[in-house]
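Just need the whole structure built from these sequences, with the hints factored in.
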Amino acid sequence: MSEITKMRNIGISAHIDSGKTTLSERILYYSNRIHAIHEVRGKDGVGATMDSMELERERGITIASAATNVSWKDHPINVIDTPGHVDFTIEVERSLRVLDGAILVLCSVAGVQSQSITVDRQMKRYRVPRIAFINKCDRTGANPIRVKQQLIDKLGLNAVLLQIPIGLEDRLQGVVDLITMKAIYFDGPSGDILRYEDIPAEMQEDAAVKREEMLDAVSLCSDELMEAMLEEAVTEDMIYKAIRKGTIALELVPVLMGSAYKNKGIQPLLDAVIGYLPNPTEVTNTALDIDNEEQAVVLKADEKLPAVILGFKLEDGQYGQLTYIRIYQGKLKKGDELVNTRSRKKFKVGRLVRMHASSMEDIVEAECGDIAALFGVECASGDTFCHPSLNYSMTSMYVPKPVISLSINPIDKKSADNMAKALNRFTKEDPTFNTYVDPESNQTIIQGMGELHLEVYVERMRREYKAEVVTDRPEVAYREAISQRAEFNYTHKKQTGGSGQYARVAGYIEPIEEGEDAKEYEFVDMIKGGVIPSEYIPSCDKGFQNAVKKGTQLGFPVVGIRAVVNDGAYHAVDSSDQAFQTAALSAFREVYDRAKPVILEPVMKVSVEGPTEFQGNIFGSINQRRGIIISSTEDGAACTVDAEVPLSEMFGYSTVLRSLTQGKAEFTMELAKYSRVPTSVSEELKAAYQEKRRKEQGK
Amino acid sequence: MEIQELNALSPLRAFDESLNGGLGKGNLGVLVSRHGIGKTACLVHLATDKLFRNEHIIHVSFSGNVEHVINWYKEVFRQISENRSLEDAATVYNEILANRVVMNFSQENVSVEKVLSSLETLIRQGSFNADAIMFDGYKLTVATEDDVRKIKQFAMDLRVEVWFSVSPVRPDVQFDDNGVPSTILRYESLIDVLIGLKYNETMDKVIMTLVKDGETIDPKPMRVTLDPKTMLISE
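Chains as they are written, first to last, in my numbering: chain R, 1 to 699; chain U, 1 to 235.
Hints in this document: simulated from the structure, not taken from any laboratory. It is possible that some hints are incorrect.
Derived lysine-lysine pairs resembling PhoX-like cross-links, with alpha carbons at most 25 Å apart [claimed, not checked]:
#1 550/R / 695/R
#2 528/R / 542/R
#3 114/U / 74/U
#4 673/R / 74/U
#5 519/R / 114/U
#6 229/U / 124/R
#7 346/R / 73/R
#8 348/R / 6/R
#9 334/R / 346/R
#10 150/U / 605/R
#11 333/R / 6/R
#12 549/R / 692/R
#13 182/R / 241/R
#14 664/R / 114/U
#15 428/R / 401/R
Okay, here's the thing in structure tokens:
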């Protein structure tokens, strides 16, 4: 078997607190990469190896993906530990992009939670084959069979149990493998020693039933197995093959179980990773050929072809910038020449390394399909590097726009310098994190996907860059829009010595109909007979584009607007590009109010999960926040309330929810849409904006 | 077309007329048929019509999949708005969406008390002034008489209109000519309006028969039928 067919690139995705970091830790341990097991929030003060950032250790959450290479039964496996919180989904999406398969970790008590649904949706988007691992079977209330049913009901997955637990909760002893029909126990202080036994007598009947169910489901993916079942000549090998085929084709999801914390079920999970998840040659990846009108080209995981490489993550280490890469085509050697497709810059591959969570080893060559890291390459996250003979770009990743902003002020000169360094790095690493200097207030503004997202970056500035900053109240990224059509006819004239300026533009602005692929801005040229010469049409467009950058209501961008120019006039000498730009800009300012402008606000899809007894409090808290309850699902003692709530009302919600539910409920949110702000609220916003402007002008 | 006109032209006006002005608050209405005839579609169309008229709806489902229910609403809305070329449909949809809550119970055999208490929580603590509650797929045929009485009492206490879609659970149930299963007859006295749905092959329509209306038990076909292709009620 060649190296590449043995290779696996996998991710571990899950709901926060379902134990994925502990699971990653165990995987590292069993594949002999680390010598002792450290717990997340561990008493030994070391913390789990995968969480390399100090902050993560303290909070017990995993922020950035750490890529690490392990080996199991002679198969190299690259494991990407992905963050679980929704605020960081860009990280999850980016790692899914470079993965060939994933382990979906679920908690055997909480089951499929909102975050699992989000993560699963992302996996579907990138067509990532997955196996499910039901963790925490040692917890009180563990019910893996129910969780498997939720995978079917809530995620619509064809989940198939390959194991059943031997004992549950504090009596969890091991698992029954339904393929080999053996009981597996995990002996030794760290579960290193696998002991295979006959299935306990009292479980035999259940195991036989579950095996039949498993075979029925798996046989749908394989004619060979189906025939063998009819002839009663099923072999283990046939079952393995059928599961592998079904998993890679995304037709089924094998379900395994155990408890990472109690060291149970990890080795069979690793066997499943190499047994059922695809190697790099079994996954189709495409790139866009820039020289050929961005036609999609299929990449071949063949080391003889010219290299195509994606830089999917940046990290600033002690020794300079580290770029995590995935090699989709060709291979990479030290000294190879590559071109960054975006910047067109050529560079030579200097230091090439393979990463372990926070240590690294130098390598001379990286194989096709492999994940490695480069040192000192000038680039941004998501850049494509090609062999000089190619001009391919990996398809651009879906990047959501930021919904929240925060102004930050460094306390002294030193902090200001450090802050600039930090921001430079963060924006390169995370496309959902933006920063700019507001020209009016001269303050530095950072933008992101949620309160926590920004908080984490502010803390990282303090800790990693020693940049002390004072933050303001977070601000919502509003939008402005017009609600009706209005006509304009504007003449821009200036004759104050020297060459004059003259331009007249007429036409109308109107809202673009709402719809799924509605544009934010559109310019329509309906000029007839050259009343505005064609060379000045783009100037009009540019003028309007400048105008919509900042509406007059709150100073936020105007969206969903179409500007149509159907008449105008020019002067042979005095007309210019600048004159038409100014005319368009002024025409817009003048007509805007007549088009009845409104304010739009980001509305979040909020999902709250908690015990049913607090359902009333949850309903009430959403109701108080101008929220709309979309649905509420009750499943025994737990309920999930899905709602749409304006982002501006969600500040501090985690604290409120905690006190309303004795800390037993949690929530996630993501951007759902932009909606019109009710009149009462928009009047307040406008008044506050005017007040702020007055103050700034008074300065 | 604007909403007012759309509402005036709705086939549901004929439906209401057959019931002498609609079911009315405090009353129980039941749609019955065999499986797969289109009760859910019918129920969603009834609900959507109410949403168009600014009423507040709670849709109670027992399927475990909320997305499925929401898609039904999307589809019914899409068909109605496209057929009638509704103006500014996307905005209207977002507006009426605010008046609908889907309440889902994935646990098997959840008790009537639990369902009603959750509904009351939503109405009172969530300040959701429901006008009607649609029970989709509730196993009314295996409920006890006491359960049905509690639901009726709830409808009267909270002044809401309650609709059920019912399919028999047992496979050996007998249906009469109007598509009504024998098992429902136990509660006939508690039901205010009973409508049977039955597919008629020659007409290629689902015939809706008003089996019971108030105190009158005199089955007669309604002026509306269900189109098996669009799954919408039509005249």
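*Which earlier hints can't be squared with this structure?*
As far as the earlier hints go, 3, 5, 6, 7, 8 and 10 are violated by this structure, in ascending order.
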